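Protein chains in written order, with the working numbering: chain A, 1 to 472; chain B, 1 to 403.
To be clear, the hints were calculated from the coordinates, so they are not data collected in a lab.
From a predicted model like this one, the values you see are computed outputs, not experimental measurements.
Misleading hints may appear alongside valid ones.
Said to hold, decoys possible - Listed below are the simulated EDC-like cross-link pairs for lysine to aspartate or glutamate, each with C-alpha atoms no more than 20 Å apart in a straight line:
#1 B:Lys-132 x B:Asp-198
#2 B:Lys-62 x A:Glu-208
#3 B:Lys-62 x A:Asp-201
#4 B:Lys-386 x A:Asp-152
Spelled out from the first residue to the last, the chains are:
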Amino acid sequence: MSEKQKGGLKQLSPIDIYSLLPKTNCKECGEDNCMAFATKLVNREINLDKCTPLQDAKYKKNYAKLAEMLKPAVKEVTIGVGDKAVTIGGKLVMYRHELTYTNPTAIAIDVTDEMSDEEISSRVKYTQDFSYIYIGNNLQLQMIAVRSTSNDAEKFKAAVKKVAEQTNLPIVLCSYDAAIVESGLMAIPKARPLLYAATKDNWKEMAELALMYKCPLVVSAPNDISLLRSLVKTMIAYGVEDVVLDPGTFANAGLGETINNFTMIRRAACNLGDELLAHPTIGTPITAWTEPAPNATLTAWKEAQVAAMLVTRYADALIMHAAEGWSLLPLTVLRQNIYTDPRKPVAVKAEMVAIGTPDENSPVLMTSNFALTYYTVAQDIESSGNSVYLIVVDSEGTAIDSGVAGRKMTAETIADAIKESGVEDKVKHRKLIIPGKAARLSGELEELSKWEVMVGPQDSSGIAKFLQEKWK
Amino acid sequence: MPEGAKNDDKKFPSELFDLLAGNNELELEDVDILLDELQILFQPGMMMAAPPTVAALKAAAKPTSLLDAPFTLPVQKYPGQVAEVTLGATKKDGGSRGKTITIGGEKSPAFYTFENPTLNPPVVSFDVFDSKTALPKAVRNELGDAYQDPVSWAKFVVDKLGADMVTLHLVSIDPLNPKPATPAEAVRTVEDVLQAVDVPLVVGGCGDPEKDLAVFEKVTAACEGERLLISTITLDMDIEKSAKLVEKHGHVALAFSPMDLNQARELNRRLLEYLPKDRIIMDTTTAALGYGLDYAFTIMERARISGLLGDPELQQPMSSGTTNAWAAREAWKTLDPEWGDKNLRGPLWEVVTGLTLMLAGVDLFMMLHPAAVKTLRNVIKRLTTKTGTLDTEKIASWVSSTL
């Protein structure tokens, strides 16, 4: 938008970066020259530390300047330690089309210190084992939020201990009572949990805990961004560096204000250079349960809506209550979608796929590896009830028509794909059905592959009919 | 430096110079950076070998009360505005609808109500198909027998579910059908549905550019003045002819483009040669959650922002075929038990697809599952109702309540 960009993302050109680099063209970073390295830096495709000469003491000032120029608009905060530690924030831009979002929203599922051991164990196990493979990504949950409902420090400590014994997922310690949070911290003093939360009433005690145990700290001011800024400013002055912002999540009345608050915070951080709001945000869709619907399913339904909206509108972490596959699967898929690279089309693996139970007489079709094309085609074939071999050709993630026009998919690449797929050992015939939109490759492809090429329909919705009429 | 920072930080400079004197790592020329940043620079954790005096000083500097840091709403002005488009016509406007629906008119990105109120809240239109369609079981369960024919289906969604609008999809006209319906037969279906319900109507074709135009020719004339939304006009159709039909008979055009901003722009530009701005709605394609929703979202968000920033060819209200959510197999398939009841998962898939695009700026949703429609309408209400004092105590109680 026309707003000023903090971090200079919009104004930052490779030249600005280049002028501060050592200009040795040494290639030690893996790029051909310093200008190429500068371009990758601007696009956040490479790290500054890859430049070996820049690490020299004489470039110290340049390094600092470059680091400042490339600093994300939203600070990164790490929760937990070890290989399950999760980093949130680090956003460079407000809108997805400007540059890829980094650090997908971390999702926490809650347990309380009054739950039975079995319930705690099963919720921890559920969270830890959550896994859905989707376009080559393993969708997972990231954290456990332990809440003190007993208001008893010892009980809280025991619950935290129980959780930590079963998982190394990062933990969020939830209580407004600093003494209770501290008893939880004593159970896991080196685990760097996220502390929830400092408010206008307890900020001093919470700040002391965050300093003492070197933990990130949530500052919470429901629907009051001035208070939120005030808390951040105070925390920073106090010495607490890793701050996470909670503007409050209203699932019912106030939902509009909630969406506005998250939006204003991100705009202020990314576009207006507001340092006090340049911290990751946390949403708590779990608040849907404070005004429950007539039954738990409906409350979970509402929680899921709020969570989905907050994944789209700038939450860097979420705390949820419902541990339900039907509600969490769409949410984790949405998160994966929102955090894809908008500059690169999503591609699927170029390989041969068997749909149904094909045999040696089954049709052989081909398509591109652009995810949208692939899934549409695969879906259409599947719902047609036919069993086929589908060869997915690497078109660099472009659709059929643009792949053919842009020479990203040629007769050569298709012929190679046929060879590599091993389809010649699977079927007796040598007939390939190509998409109507690749028709013009048919002659050359027949020559190169020695296969008979049949031109299929323009749109995959016509595959069923095509097979019915043309495949003998 | 954020506003409000000046007063509280006045005491810092002299202390800073004391600090610097004790630390030859830092160069004095760095002092011209902002005070706020220096404060950050001197946090204990960042200076591993800080001399004790620094720690002592730092401890002394800990604030004892909350520092003031007021927030000013980050409000922006946009040179562009989305066109307002009215669908359906009542008797006095030459139609037969019981009410009309107006969408669009936004002066800010979707639900930036801190800048401008939402002039016309988004609207959901129920999908109705004119011939037997393979519907997901979760949807069939909700519709009972009503989905057997378009008239009872339309009546059901309006009378029983309170639909604001109905989208009648004339899939029966598809030339790929064994016995495609003729334009005259299609007109009869549209007229029957118009008789049966009095909400504004969207009339959708089958996607074949020639057959759709042949059907639209008859429908636009037969339903003169009803201000139907004619869905869809595409770049591969005879645009001049389509647009003139819509214009002549008093309808609205739905301009559909395949997830490509340049094509969306070109189509609007060509339609605008024949149609006024308040007679076009655009649809840049809806891909299902998990099956390209990211593209759909980003194209829509870019379209809306470009329009607001002044691009005259992207200032039309947006429509989404949210029913496409059901193209995702996770929406309708029985998965392993851990992924729960598909009767919940499916409609939620549609809800999440819709909500995401709503935040990108969609004004009109075409949807299928009654629970999904109800949810979206409910969220729209929550997003556009200005609340008085919010119960912050209540939501804060999640931390310590047994939920």
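Notebook entry, point to check: Are there hints from earlier that the structure breaks, and if so, what are their numbers?
Noted result: 1, 4
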